[in-house]
Amino acid sequence: MTVTAHSVRTPRTARTPGTEAEAAAQALLTLLADLPADSPDRPRVRARLIELYLPLAEYLARRFRNRGEPLDDLNQVAGVGLIKSVDGFDPSRGAAFTSYAIPMIVGEIKRHFRDKGWDVRVPRRLQELRLELGRISAGLAQELGRSPTVADLAARLGVTEEEVIEGLESGHAYRVLSINAPAGGPEAGAEIADLLGGADRALEEVDDRQALRPLIARLPAREQHIIAMRFFGNLTQVQIARQLGISQMHVSRLLAHALAFLRGELAEPR
1287 MTVTAHSVRT PRTARTPGTE AEAAAQALLT LLADLPADSP DRPRVRARLI
1337 ELYLPLAEYL ARRFRNRGEP LDDLNQVAGV GLIKSVDGFD PSRGAAFTSY
1387 AIPMIVGEIK RHFRDKGWDV RVPRRLQELR LELGRISAGL AQELGRSPTV
1437 ADLAARLGVT EEEVIEGLES GHAYRVLSIN APAGGPEAGA EIADLLGGAD
1487 RALEEVDDRQ ALRPLIARLP AREQHIIAMR FFGNLTQVQI ARQLGISQMH
1537 VSRLLAHALA FLRGELAEPR
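Using the working numbering, read the sequence shown as starting at 1287 and increasing by one per residue.
No wet-lab data here; the hints were simulated from the structure.
Some hints could be false.
List time: in silico EDC-like cross-link candidates among lysine to aspartate or glutamate, alpha-carbon distance up to 20 Å [stated by the list, open to error]: (1) Lys-1370 - Asp-1358; (2) Lys-1396 - Glu-1355; (3) Lys-1370 - Glu-1418; (4) Lys-1370 - Asp-1359; (5) Lys-1396 - Glu-1418; (6) Lys-1370 - Asp-1327; (7) Lys-1396 - Glu-1344; (8) Lys-1370 - Glu-1344.
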């Protein structure tokens, strides 16, 4: 949205001071400009001017409501723009204060949306590119008689197709869903968090398994058999002893010897 001093059309009481108050505000603006920086009257005059034009700032803030930011926050941002306008206005240039203040306040609000309105922070160039894409897309569609392609958008803006794709995808970062939000579709009733995958322990163990395979092959045949029955067959030492026809104590010694060998080889730097 482009807002200028001429595009603001609303009752004067909602925007700027009335006729008498406006004259007083103009006198205060001139007085503020003439007062020395260390004058004790300067803070009082400045505060009165901000108070007089605060309805203008609030009106401009309301033009941006329902865009995902609380109105109270927008009012505060507009107030900052108003303060900057009062501090930077030079009445000697002959321009009306509102002609100077409106672009300043609107710019402050737009910067707020650009810098603070994104749930996931993306580079400013992508934020600005996304805005440009949104600005030209409708007009380009009418001009072409169809939806513009990535190549069409890139040619119009003078950027690469990869940059256009980045700009389009960056729009997903403006608002993100909470993982506690309800899931739609066939998973209705569940939360998004319920559908997220967790750590795959088997995948984490791939490297260890690959490293152990040649080491296990170097063990004596009986110890290989015991390792297989214990860790792949999930048998207890008693069950292994019964199947091999040896004592449980013997199984324990053979298993301990095999594990010590494997740990030692794995610990050796390669």
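Hint check, failures only: Result: hint 3 breaks, nothing else.
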